[in-house]
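Residue numbers (the working numbering), protein chains in the order written: chain A, 131 to 171; chain B, 45 to 227.
Hints are computed from structural coordinates only; laboratory data are not their basis.
Computed from a predicted model, the values in this text were never measured in an experiment.
Calculated pairs, DSS-like style, for lysine-lysine (alpha carbon to alpha carbon, straight line, at most 27 Å):
no., chain 1, residue 1, chain 2, residue 2
1, A, Lys153, B, Lys202
2, B, Lys168, B, Lys222
3, A, Lys142, B, Lys116
4, B, Lys113, A, Lys142
5, B, Lys116, A, Lys152
6, A, Lys149, B, Lys202
7, B, Lys116, A, Lys149
8, B, Lys201, A, Lys148
9, B, Lys201, A, Lys152
10, B, Lys116, A, Lys158
11, B, Lys210, B, Lys156
12, B, Lys215, B, Lys168
13, B, Lys113, A, Lys153
14, B, Lys201, A, Lys149
15, B, Lys181, B, Lys201
16, B, Lys201, A, Lys142
17, A, Lys152, B, Lys202
18, B, Lys202, A, Lys142
19, B, Lys156, B, Lys181
20, B, Lys186, B, Lys153
21, A, Lys148, B, Lys202
22, B, Lys113, A, Lys149
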Amino acid sequence: MAPAAEMVRLCKEYREIKKEEKKVWETKYRPALESLAESTS
Amino acid sequence: MGDQVSSCLGVIGRKHILIDTCILIDLVAHLSEEGGFFDFYTMLLQSDCVPIISPFISYELLSGELSIKARKVKEAILGGIEAQELPLPQEIYEWTQEFSWVYASQKWKDAKMVDFSNLVYLRKYPNEVLLATTNHKDFSLKILDRVFTYTVDDCDKKIFNISFYKWNEQKYTSLVTKLEHLL
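Work out the full structure: start from the sequences and follow the hints.
Here you go:
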């Protein structure tokens, strides 16, 4: 098994990526989907 | 060394530990330089257990990732665990059908194929394999023995109980026999 420090680094890196993904979702994809929903209703 | 760690090392030593998806997900979500998950991972490092997973577990862990970047890091984490991915035993087809029948009869409703496949490994290798999971509701003591529970105290966030389960053929056969008479 990989040393604990390496696993901590990887898990933190993953959490950072997910945080960024959430930001992009909230600022880009969600408004686009909402606007699409409005225009088709 | 704490009592919990030394007791757990005594239970998991030289065993193959089937690491359920929920443990991997919790590890990814909570592992830091300190805290309960760091202690748990350090304990696994100290032990001479052999971590194993099934193809279903690796599929469940990696599925649903939208970005390639996130998927690659998760793959690296899985690689870091160095769990051997065991092939599916030939009995999987016959046994999972029986497990799903037993589960339905007991109204254990939420179990999925990945849970049944965990049972297949436990049943196939009852003296070698222990399942480590926090998903207790899908692994009943009517067919398994809970041999140890390790508590991960993630400071002021949450407490996780990681239990190690062993197959109990006597319990299982007795339940199946009763069901066959009833149904």
